[in-house]
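Colleague: Sequence:
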Amino acid sequence: MKKFEVYKNIRKRAVIMGLPVSLFALMMTSIIGSLLFIIFSFSFSIIIFVLVFNAALYIALTNIRRNPALLHFQKVFPSTISNKKESQLKYEED
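Just so you know, we're using the numbering used here here: the sequence shown kicks off at 63 and counts up by one.
The set of hints was computed from the structure by calculation and includes no laboratory data.
Backbone N, C-alpha and C define an ideal beta-carbon position, used for all residues, glycine too.
Treat the hints loosely; a few may be bogus.
[Said to hold, decoys possible] Pair by pair, the computed Cβ-Cβ distance ranges are:
| hint | residue 1 | residue 2 | range |
| --- | --- | --- | --- |
| 1 | Met79 | Phe99 | 18 to 24 Å |
| 2 | Ile94 | Thr142 | 43 to 49 Å |
| 3 | Ser141 | Phe99 | 43 to 49 Å |
| 4 | Glu148 | Phe115 | 47 to 53 Å |
| 5 | Phe104 | Glu67 | 53 to 59 Å |
| 6 | Leu97 | Asn125 | 39 to 45 Å |
| 7 | Thr142 | Leu113 | 46 to 52 Å |
Construct the complete structure from the given sequences, taking the supplied hints into account.
Modeller: Okay, structure coming up:
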């Protein structure tokens, strides 16, 4: 009889419409905000602007998902940590 291992980290790789859950939530927040914006200021140019904005946001989020190094600017922590005191005294001389 086969034994199957329980996979508990399924949410780490969950994808909705090609986006991870956190980026999908950001996209849905943007869409809901856009709908409210359209409702309260109804204009044809606003509708076109909102459609273009949401399409550009979706393209940007999918590019960030494919290449996460786009948002990685620098290391947070140094490569080595030392509590050695920096002193100008020279104990050994040649």
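Colleague: Do the Cβ positions of Glu148 and Phe115 conform to the proposed distance bound of 47 to 53 Å?
Modeller: Since the Cβ atoms of Glu148 and Phe115 sit about 52 Å apart, the hinted range of 47 to 53 Å holds.
Colleague: State, for the Cβ atoms of Leu97 and Asn125, whether the hinted interval 39 to 45 Å holds or is violated.
Modeller: With a Cβ separation near 24 Å, Leu97 and Asn125 fall outside 39 to 45 Å, so the hint is violated.
Colleague: Quick check on a hinted range of 46 to 52 Å for Thr142 and Leu113, using CB atoms only.
Modeller: With Cβ atoms ~51 Å apart, the hint holds.
Colleague: The hint says 43 to 49 Å between Ser141 and Phe99; measuring C-beta to C-beta, is that right?
Modeller: Taking Cβ atoms as reference, Ser141 and Phe99 lie about 46 Å apart, which means the hint holds.
Colleague: Holds or violated: 18 to 24 Å for the Cβ distance of Met79 and Phe99?
Modeller: holds (21 Å)
Colleague: Does the hinted range 43 to 49 Å hold for Ile94 and Thr142 at CB?
Modeller: holds (47 Å)
Colleague: Just tell me: holds or violated, for the beta carbon distance of Phe104 and Glu67 against 53 to 59 Å?
Modeller: At 54 Å between Cβs, range holds.
In this structure, only the earlier hint numbered 6 is contradicted, and the remaining ones agree with it.
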